[in-house]
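Visitor: Here is how the chains run, residue by residue.
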Amino acid sequence: MTSFFLSPAFFDQAVLGITPILLAALAGTLSERVGLFNIALEGQMLVGAFAAVAGSHFTGSLAGGVLMAVVASTLFSGLLAFGSAILRGNDIVIGISLNLLAAGLTSFLLRSLLGVSGTFSDSAMAGLTRLHIPGLADLPVIGRALGEQNPLVYLSWLLVAAIAIFLAYTPWGLRVRGIGEQADAAVTLGANAVRYRIAVTLAGGALCGLAGLQLSLGSLTLFSENMTAGRGWIAVAAVMLGRARPLPVAAACVLFGIADALGLKLQGEGLPNQITDSAPYVVTLIALVVAGLRQKIDGRKLSV
Amino acid sequence: MSAFAGLMRTTKLPQWVGSLLPVFWAVIVGFAVCGAIAGTVGLSPLLMLTELIKGAVEGPQIFETVARAVPLVGMALAAAMPLRAGIVNLGTDGQLVLGGCVAAIIALYLPAPDGVRIVLALITGTLVGGAYAALAAAGEIYARVPLLVSTWLMSYPAKGLCGWLVHAPLADPLVAWPSTRRIPLGTRLEHLIPGTPINDGFLLIAFAAILIVFLDRRSSVGYELRLRGLNERFARYGGVAIDRQTFWLMFASGAMAGLIGAVLVLGSQYRFTDGALTAPQYTWSGTLAALLAGGEPLGAIIAAVLFAALQTGGFAMERSVEIPRVLTMVLESIVILFLAMRGAIWRRR
Chain F
7 MTSFFLSPAF FDQAVLGITP ILLAALAGTL SERVGLFNIA LEGQMLVGAF
57 AAVAGSHFTG SLAGGVLMAV VASTLFSGLL AFGSAILRGN DIVIGISLNL
107 LAAGLTSFLL RSLLGVSGTF SDSAMAGLTR LHIPGLADLP VIGRALGEQN
157 PLVYLSWLLV AAIAIFLAYT PWGLRVRGIG EQADAAVTLG ANAVRYRIAV
207 TLAGGALCGL AGLQLSLGSL TLFSENMTAG RGWIAVAAVM LGRARPLPVA
257 AACVLFGIAD ALGLKLQGEG LPNQITDSAP YVVTLIALVV AGLRQKIDGR
307 KLSV
Chain E
3 MSAFAGLMRT TKLPQWVGSL LPVFWAVIVG FAVCGAIAGT VGLSPLLMLT
53 ELIKGAVEGP QIFETVARAV PLVGMALAAA MPLRAGIVNL GTDGQLVLGG
103 CVAAIIALYL PAPDGVRIVL ALITGTLVGG AYAALAAAGE IYARVPLLVS
153 TWLMSYPAKG LCGWLVHAPL ADPLVAWPST RRIPLGTRLE HLIPGTPIND
203 GFLLIAFAAI LIVFLDRRSS VGYELRLRGL NERFARYGGV AIDRQTFWLM
253 FASGAMAGLI GAVLVLGSQY RFTDGALTAP QYTWSGTLAA LLAGGEPLGA
303 IIAAVLFAAL QTGGFAMERS VEIPRVLTMV LESIVILFLA MRGAIWRRR
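Residue numbers (this note's numbering), protein chains in the order written: chain F, 7 to 310; chain E, 3 to 351.
Some hints could be false.
What the hints assert, rightly or not - The calculated label-pair distances, taken between Cβ atoms and stated as ranges, are:
{"hint": "1", "chain 1": "E", "residue 1": "213", "chain 2": "F", "residue 2": "14", "range": "57 to 63 Å"}
{"hint": "2", "chain 1": "E", "residue 1": "322", "chain 2": "F", "residue 2": "300", "range": "56 to 62 Å"}
{"hint": "3", "chain 1": "F", "residue 1": "300", "chain 2": "E", "residue 2": "111", "range": "31 to 37 Å"}
{"hint": "4", "chain 1": "F", "residue 1": "122", "chain 2": "E", "residue 2": "117", "range": "58 to 64 Å"}
{"hint": "5", "chain 1": "E", "residue 1": "170", "chain 2": "F", "residue 2": "164", "range": "43 to 49 Å"}
Derived from the structure by calculation, the hints contain no laboratory data. No experiment lies behind these values; they were computed from the predicted model shown. Glycine included, each C-beta is placed from N, C-alpha and C at the ideal position.
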């Protein structure tokens, strides 16, 4: 059993599973910090995943796919920014309807633009290519997982550090936190709450676009309907578990990524995939229960 | 002219007319946006509109609409009950599937007379759906796991488990798609109007709907729900047992979803097939209908019937002019999005 879990493919799978959730969770973290509850992560990711494939297919270049993913998902998050930050509508209801809008819109466009239903893939379509980092890639067992990933994987971890530093050490980060904790006080001190909320929501949209890009062009090059499969919600759970602090949030994402890889591994061992596919959700739920019970004893509440 | 103006000043329009105006605008915006989307990908917006309407109400299509409205109204009520108190059940998909799966198992394998089997299948499906939702409620009460997230995530294992059951131990070897064996004739819900897809499930859901509207308007249970929806702290202060209410409310919501699953399996699909209960998106349209009505049950029912018409129209539109019917889902979400943005429904507290 040990050798089986410690195989290079297992760690590689875990890193692949972590990346989209991590990118979306960073978007959720920023939103939470500025006082918006972003449950539209799922929908934004889905839009990003579709736009990546459509962009790559129609422009014939990977750059086109990357650009489309980020632009489309940022534009889509503009709806959230407009409704939630400017008009101050209910962010939960807006989030739910945005998720459904994304599911409907992507499958409509899949049929009308790409002419298929279900899954679209195109062998000529370029996906993200794996790098080879000398040294890291030569490590035993974890070499492939750490040293031979696509650039987006490394970018996602750089972003964790960048966002942690941004929130903790920059004046803008301070204002973001101030608006999230006590908007009135922050506004009195001259911070423009609306402008910060818009900026953060749009930045979150871009991050979700990258998350979707990783899903559709990261290891496979395809788009299938609802391919996010709840990853946006797992990201929401990660934000709660990490109390919207970048490093703990990233740790929660690592846990879920490992659960994902574990499920795939058990499936490879012959367990039915309908059962093993549930692993990430069950692990997420258990983690929420454990954290909730601990916090209940501490007398605190989950961040929502 | 002045008499008319005077009349307009003195007659106060009923309140609901005022509250419907934003919905009217939202529907216009929804159609405009969908027309624009259809136009940009080279489909005719006008054709979309006419085919939608024709497909929803023309001739025998009206029966299709009614048949589709039965599960949709049920799912709208399942979503509306918790919303009335300001809490969310996003897991009705999983509860629906569990209810349908369990009902199929009872109907197929319980050694009992036909009549007993069908009743027990309906009851067990309902109870299992309710219990699964109540489990999420227990998670919020005892471990503070927010229902918003837990209900959604719990859908996946439920769907996975039922999917596995019909892939392996309960699979009918004679069909290609993973499903249980066909439910025998005696254990099916009968057709209410022969020659149409409308079955006895219509009566069950109609009864449940009347009960829910009555409880909402006339009982202390409904009063406490509405009170909490308006102001939870005040409701708590006023003596509403919030945790107990959450638990039973989620049970009722999940039970409704489970009942729909059982009704669909026993009344129209005649077997539990992996994915067949969730594919028509009853859950999502139901949730959107409930959101549109702000959790008010009668409003949710009306919205669900309209959405059912829209979906039947969508099928016809897809058949005749090849505009993908998923566009109706886009339309529904745009309507809710527009209303929520304007703060016409669900104002931020």
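Visitor: Each of the hints needs a verdict: does it hold here or not?
Guide: Evaluation of the provided hints:
1. As the Cβ distance of residue 213/E to residue 14/F is approximately 59 Å, the hint placing it in 57 to 63 Å holds.
2. Between residue 322/E and residue 300/F the beta carbons are some 58 Å apart, a value that agrees with the proposed interval 56 to 62 Å.
3. The beta-carbon spacing between residue 300/F and residue 111/E, approximately 42 Å, falls outside the hinted interval of 31 to 37 Å.
4. For the pair residue 122/F and residue 117/E, the beta carbons lie near 47 Å from each other, so the given range of 58 to 64 Å is not met.
5. With their beta carbons about 44 Å apart, residue 170/E and residue 164/F fall inside the hinted range of 43 to 49 Å.
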